[in-house]
Amino acid sequence: MSMPVNILVVEDSEDDARLVARVLSRGGFAPTCRRVQSLAALQEAFDQQRWDAVLSDFRMPQFSGIEALQAFRSRDLDIPFIFVSGTIGEEIAVEAMKAGASDYVMKQNLARLAPVLKRELAQAVIRAEHRQAQRDLELSRDRYMDLYELAPVGYLTLAADGRIEQLNLNGADMLGLRRDASAGLQFADFVNPVERERWTAHFERVLQDGARQRLELALHRPDADALHVQLDCMRVGGLGAETPSIRVAITDIHERKEAESELIRYEAQLRHSQKMESIGTLAGGIAHDFNNIVGAILGNSALALEAVGADHPAGALLREVHKASLRARMLVRQILTFSRREPQELQTQSLRPVVDETHQLLRATLPAGVELQTRIADDLPQVQADATQVQQVLMNLCTNAWHALRGGVGRICIGLDGVELDPATCQRLGGLHPGRHAHLWVSDDGAGMDNATRERIFEPFFTTKPVGQGTGLGLSVAHGIVVAHHGAIAVESEPGVGTTLHLYLPVADTAGAVARAPHVQQASAGHGERVFYVDDDETMVIMVERLLARAGYRVRTFNEAALAIAQVREHPQEVDLLVTDYNMPGNSGIELARELARIRPDLPVVLSSGYITDELRAEARAVGVRGLLEKENTFEELGALIARILAGPADVLRAGEPGAA
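Here my numbering is used: the sequence shown runs in plain steps of one and ends on residue 652.
Calculated directly from the structure, the hints in this document are not laboratory data. Hints are supplied without guarantee of correctness; some may be wrong.
[What the hints assert, rightly or not] Simulated restraints on C-beta separations: (1) T530 - A250: 51 to 61 Å; (2) L420 - A368: 15 to 25 Å; (3) N100 - M(-8): 45 to 55 Å; (4) M225 - R169: 24 to 34 Å; (5) R238 - K89: 43 to 53 Å; (6) I367 - I590: 50 to 60 Å; (7) G306 - I367: 56 to 66 Å; (8) R310 - I367: 50 to 60 Å; (9) R66 - A124: 14 to 24 Å; (10) Q99 - A32: 19 to 29 Å.
[To be verified] When the alpha-carbon atoms are kept at most 20 Å apart in a straight line, the in silico SDA-like pairs for lysine to any residue are as follows: (11) K89 - E111; (12) K98 - R66; (13) K248 - K314; (14) K98 - N183; (15) K98 - Q123; (16) K314 - G300; (17) K89 - R66; (18) K109 - G91; (19) K98 - L10.
Every residue gets a Cβ at the ideal spot worked out from N, C-alpha and C, and that includes glycine.
Let the sequences and hints guide you as you build the complete structure.
As structure tokens, then:
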């Protein structure tokens, strides 16, 4: 079967061109020939069609075969170019071959043309495959170089003595030097001095074993901070006749190391928070016993000063004792303030600037998918508050609301208005005083909470967030701040519906003090009313007995709760008011008050303690205690407190809270 070929014939003789076609047909080809005889026609033929071979005469009237060869070479074609001429000599033919011709055939010997064309067509296929392979190799090399140079990790090749032989751009950046200045430098010079011994041992191990091995260390870079990196090293070449080298891939793990350091810092902060919580608990435990001592010293020193008179030689000494006792009492209060057990000194202000500033801060940080709204009433009451701490609470609540949004998309609303709280609501909120309060709230339409979660959200270290995304301290700290502001915090939430957290802070009067319920002002002096005092501390018993007797009361003291209970049970109408310590062996003051409520429900009871907590206030209210007294203030406040309670049915508010007695 004849081989079809497209032949471009450069020939000025039509007869010679036909002869060439007949010779090729007899030689096993099925040629399709096109004859051209000028340079322009040749260029046009190249542009219009793909050719399998070019057969060219050497001498023609309009241009020469060498010009035709030059035009062919400029096209960079992988096809045969064969001279077919009757005038070409041996020397000219050799020069033509050197110039790029595939072969030459004399017109007098056209029988050679078909075999020569077959051979050159086969060679053309080989040349084309070779050239394509060369192009593929160059492309592969270029791609490799691109990957090598632009890789996000550094690549180095180290000689067996540790010298840098080659590195990519990222490797040069990691080492902090120019690549053209890296050749011959020791890689160990870029290792942090304290870790060079580790690197040397690792390098020798890789050189001996050959297997890939990993090491983390810090690079020491000129005029730059140390960089934590991961080195993956592998030997290339053998240890025998060949000279081995080490390939090193350097991965920047600086951010990971920073994250690990941050985690360590957070763990240290958590341990510190736990320690602070323990210290706070310890402070509360110490406060009771210490305040017993301070209260006794304060009371007895004041009584002693009155007994000896201002001009007595011991007066100056007693005044120093009293002054030191006052400093001791202040020290205990500072400890309790640190542990969030003591009321803070607050400033009268509106919460609107706090809400506005928080809204601006959050709007700049929350994702675009979170819709942040505010609802602020026009007529806002003023409160006594620490603006920084209130903002801390608000930021915490809004951050929790953001985390509760499913997929980070949803709505958060901050509200502020004034509300009137009735006694039932105040009781439900933990004993707030009825009246007008500032109402600050944060709501979201996120995942919500079930009952079990709602009951625990204010527990320290309780969290529903994944490990590493929350310590569980936020809401417990927020609760502590709100309580320290004499307020309350409540939560409403349902799974799949969302959550609203309500903050209630008591309003301040025009003078800046927290609003209080009116109470009857009474003088501290008594008129023979009968008062029982119960305390296991003998020093306090003696001091209170003298204090109340001097104030005009008839006092009977007991050092055990059981004795007081027995006396009231036997003669229930022979006492007008009972004052009891809270922490006593056998029966606490709460248990004593509960038992007295069964024997004589109308008997007023005052509970005294060196450490008054929210739980103690709630228990005291539940058993009908009429007043709470901080024990270190016994000398200054007990007489006035008894007088107010005996004056009538007006409620006496708890110590240390808004409206405290």
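Do the hints match the structure? See the list:
| no. | hint | in the structure |
| --- | --- | --- |
| 1 | T530 - A250: 51 to 61 Å | holds, 58 Å |
| 2 | L420 - A368: 15 to 25 Å | holds, 20 Å |
| 3 | N100 - M(-8): 45 to 55 Å | violated, 26 Å |
| 4 | M225 - R169: 24 to 34 Å | holds, 26 Å |
| 5 | R238 - K89: 43 to 53 Å | holds, 45 Å |
| 6 | I367 - I590: 50 to 60 Å | holds, 53 Å |
| 7 | G306 - I367: 56 to 66 Å | holds, 59 Å |
| 8 | R310 - I367: 50 to 60 Å | holds, 53 Å |
| 9 | R66 - A124: 14 to 24 Å | holds, 21 Å |
| 10 | Q99 - A32: 19 to 29 Å | holds, 27 Å |
| 11 | K89 - E111 | holds, 16 Å |
| 12 | K98 - R66 | violated, 27 Å |
| 13 | K248 - K314 | violated, 55 Å |
| 14 | K98 - N183 | violated, 81 Å |
| 15 | K98 - Q123 | violated, 35 Å |
| 16 | K314 - G300 | holds, 17 Å |
| 17 | K89 - R66 | holds, 17 Å |
| 18 | K109 - G91 | holds, 18 Å |
| 19 | K98 - L10 | holds, 10 Å |
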